[in-house]
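Novice: Below are the chains, spelled out letter by letter.
2 protein chains.
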Amino acid sequence: MEKPYVLGLDIGGTNSVLGIVDARGQVLGRTSIKTQDYRDINVYVKTLYEEAMKIITPIGSLEMFRGIGAGVPNGNYYTGRIEGAMNLPWQNAPFAEMMSKQFGIHCTITNDANAAAMGEMTYGAAKGMKNFIMITLGTGVGSGIVIDGKIVYGHDGFAGELGHTCVNHNQDARLCNCGKRGCLETYASATGVSRSAKEIVTTTNEPTLLRGLDLDKITSKDVFDAAEKGDEVAKRIFDYTGTILGQSFADFVHFSAPEAIILFGGLTKSGHWIMDPVVKAMNENLLPLWRNKVKVIFSDLKESDAAVLGASALAWE
Amino acid sequence: MEKPYVLGLDIGGTNSVLGIVDARGQVLGRTSIKTQDYRDINVYVKTLYEEAMKIITPIGSLEMFRGIGAGVPNGNYYTGRIEGAMNLPWQNAPFAEMMSKQFGIHCTITNDANAAAMGEMTYGAAKGMKNFIMITLGTGVGSGIVIDGKIVYGHDGFAGELGHTCVNHNQDARLCNCGKRGCLETYASATGVSRSAKEIVTTTNEPTLLRGLDLDKITSKDVFDAAEKGDEVAKRIFDYTGTILGQSFADFVHFSAPEAIILFGGLTKSGHWIMDPVVKAMNENLLPLWRNKVKVIFSDLKESDAAVLGASALAWE
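Residue numbers (my numbering), protein chains in the order written: chain W, 3 to 319; chain Y, 3 to 319.
If you're looking for bench data, these hints aren't it; they were derived computationally from the structure.
A couple of the hints might just be wrong.
Any copy will do: because identical chains look the same in the list, a pair fits if it lies in one copy or spans two.
Said to hold, decoys possible - With a cut-off of at most 30 Å between alpha-carbon atoms, the simulated DSS-like pairs for lysine-lysine come out as follows:
{"no.": "1", "residue 1": "K295", "residue 2": "K182"}
{"no.": "2", "residue 1": "K103", "residue 2": "K5"}
{"no.": "3", "residue 1": "K152", "residue 2": "K297"}
{"no.": "4", "residue 1": "K304", "residue 2": "K132"}
{"no.": "5", "residue 1": "K282", "residue 2": "K182"}
{"no.": "6", "residue 1": "K48", "residue 2": "K36"}
{"no.": "7", "residue 1": "K152", "residue 2": "K295"}
{"no.": "8", "residue 1": "K132", "residue 2": "K182"}
{"no.": "9", "residue 1": "K132", "residue 2": "K231"}
{"no.": "10", "residue 1": "K182", "residue 2": "K237"}
With these hints in hand, go ahead and build the complete structure from the sequences.
Specialist: Below you can see the structure in the form of structure tokens.
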């Protein structure tokens with residue numbers, strides 16, 4: 003019998019969401035547990051199983067499932083292990099193996115950005131594409147690179163850390179959580195936009211709607227709202243952010259010559275404010291042969307489903 | 003019958019070298035013609051064939067050959083065409099098809115840096131590696147990227163133009179032949195070293211052995227010779243060049259997580275003068291998980307054979 007379903011598991015620092023997904027990318031059921039409630043990963047896996055069965059039983063049994071795909075921060079596709087994920091309770095665990103054993107079906111894991119890329123390729127904006135780069139613009143900048151229809155894992159399984167490529171080698175470049183300075187994600191993530199906003203408000207006297215806000219709580223949404231109201235400083239922040247991002251995209255294109263770069267995550271809600279400078283800067287920095295030929299597009303997956311869909315896509319492989 | 007040989011063709015702006023290669027990477031015979039003598043590509047292909055037969059006949063016939071691999075500037079693997087190669091007499095030609103027809107065996111083409119990568123993987127320093135990046139440091143910076151044992155061609159066949167990633171976004175960055183500014187190859191090629199030497203001699207008064215030389219003819223070899231004699235300016239030029247190159251390598255590692263980066267070309271003759279700062283800068287710019295784990299090594303193919311070997315490696319596929 004063809005197995006019509008897969009399970010997709012998105013493990014976040016706060017919630018772990020598990021969904022039943024069919025081949026058309028419909029999420030037929032979902033459940034979730036609080037990641038941080040389980041210091042013992044054995045209890046976590048067992049609880050996940052019990053919760054999963056509650057949504058599986060009404061539609062049939064685990065025999066109808068092809069496998070489980072899980073998107074996990076620092077999840078290693080090759081080893082199946084979670085290794086050194088700062089915001090998870092477990093620092094080093096053979097997660098895929100534990101899940102496979104508990105559920106009795108094969109579990110594959112990868113990091114969240116790779117899962118997002120799989121989701122776009124299987125159900126989303128990259129359907130039919132063999133070469134594209136997925137960029138997630140959230141707290142950081144994540145990336146999943148697809149070449150010849152396959153996620154690039156590299157020699158050790160950790161390929162695709164484009165958020166930590168360096169865009170500023172000066173001494174005073176922004177400090178990144180990783181310990182380095184000048185990483186792309188310190189400028190071109192949602193957090194990067196907040197940093198830029200705080201910087202410009204504190205170091206200039208320019209009039210801006212942002213000046214009235216609590217500086218430590220300015221979000222990219224605030225900057226978007228200001229730009230929509232015509233605020234010149236807010237617009238300039240998006241130009242600045244988008245230019246850095248577009249320059250980096252040009253470098254990425256010189257590497258793998260993708261058909262498209264697909265954007266997902268909080269910062270994409272800024273729409274044309276971020277897209278316009280990205281596309282402009284990318285094309286200005288491309289070799290003539292690629293100019294105006296590489297698409298930059300927003301993900302078309304529903305945000306609430308995307309992570310589970312992406313994880314589930316792994317299980318069809 | 004197993005076909006024991008392949009033909010490797012290296013088309014350069016000056017010479018076109020054709021060699022007979024066996025599975026162990028021995029060049030059993032070679033011949034060459036002057037590329038620029040043939041404005042008509044039909045005559046070029048016919049002459050190549052006639053020259054080839056002169057070295058093939060003594061050992062047997064074309065039936066003993068598995069195919070032809072050709073490394074060509076701007077050669078497109080997907081289309082088999084030479085497209086817009088500035089230093090060749092033919093601007094747009096269905097080269098692979100013409101060769102296949104003339105020789106009666108299959109011809110595959112790719113650009114010279116990809117051919118070099120194939121050569122390293124088949125016969126050289128990358129034997130047994132599935133994930134590595136080949137960097138050629140000559141007049142420019144060429145690159146061939148191998149992921150999962152295969153050359154990365156990308157959506158259009160032109161992937162791997164790392165020499166044109168941008169290392170300096172300032173207005174006064176060095177102008178590249180491609181029309182852009184700040185391309186890696188304007189700093190980190192043999193030509194880049196010459197430019198740095200000229201720059202430092204003309205803009206400072208520092209004592210250096212380089213000052214006595216004809217400024218427009220300083221080569222990376224001159225800078226090497228000076229460094230070997232203890233010249234501080236020459237050493238600083240290598241530090242400067244190697245640092246830029248190493249910083250770029252770190253970015254490349256964040257992309258594809260290779261096991262090694264393999265260096266080939268004129269600038270590698272500078273040995274530790276270029277290698278030391280490359281390795282230092284790369285490691286300083288890597289995420290901790292890769293620090294001191296990615297090898298940077300010189301090609302171990304004989305320079306006179308490397309191009310033909312690289313091209314020939316394509317024909318075993």
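Novice: Next, verify each hint and record whether it holds.
Specialist: Going through the hints against the structure:
1. For the identical chains of this complex, K295 and K182 are inter-copy neighbours only, at 17 Å across copies versus 33 Å inside a copy, given an alpha-carbon limit of 30 Å.
2. Taking identical chains as interchangeable, the C-alpha atoms of K103 and K5 lie at most 30 Å apart only when both belong to the same chain, with a minimum of 19 Å there against 49 Å between chains.
3. Taking the shortest Cα distances, K152 and K297 sit within 30 Å of each other both inside one copy (19 Å) and across copies (25 Å).
4. Taking identical chains as interchangeable, the C-alpha atoms of K304 and K132 lie at most 30 Å apart only when both belong to the same chain, with a minimum of 22 Å there against 36 Å between chains.
5. In the homo-oligomer, the alpha carbons of K282 and K182 lie at most 30 Å apart both inside one protomer (28 Å) and across protomers (15 Å), since each shortest distance falls under that limit.
6. Only within a single protomer do K48 and K36 lie at most 30 Å apart by alpha-carbon distance; the minimum there is 13 Å, versus 72 Å between protomers.
7. Taking identical chains as interchangeable, the C-alpha atoms of K152 and K295 lie at most 30 Å apart whether they share a chain (22 Å) or sit on different chains (24 Å).
8. In this assembly of identical chains, the alpha carbons of K132 and K182 lie at most 30 Å apart only when taken from different copies (29 Å versus 33 Å within one copy).
9. In this homomeric assembly, K132 and K231 never come within 30 Å of each other (Cα to Cα): the closest approach is 40 Å inside a single copy and 52 Å across copies.
10. Proximity of K182 to K237 under the C-alpha cut-off of 30 Å is found in both arrangements, the shortest distances being 28 Å within a copy and 27 Å between copies.
In terms of the numbered hints stated before, the structure departs from hint 9 and from no other.
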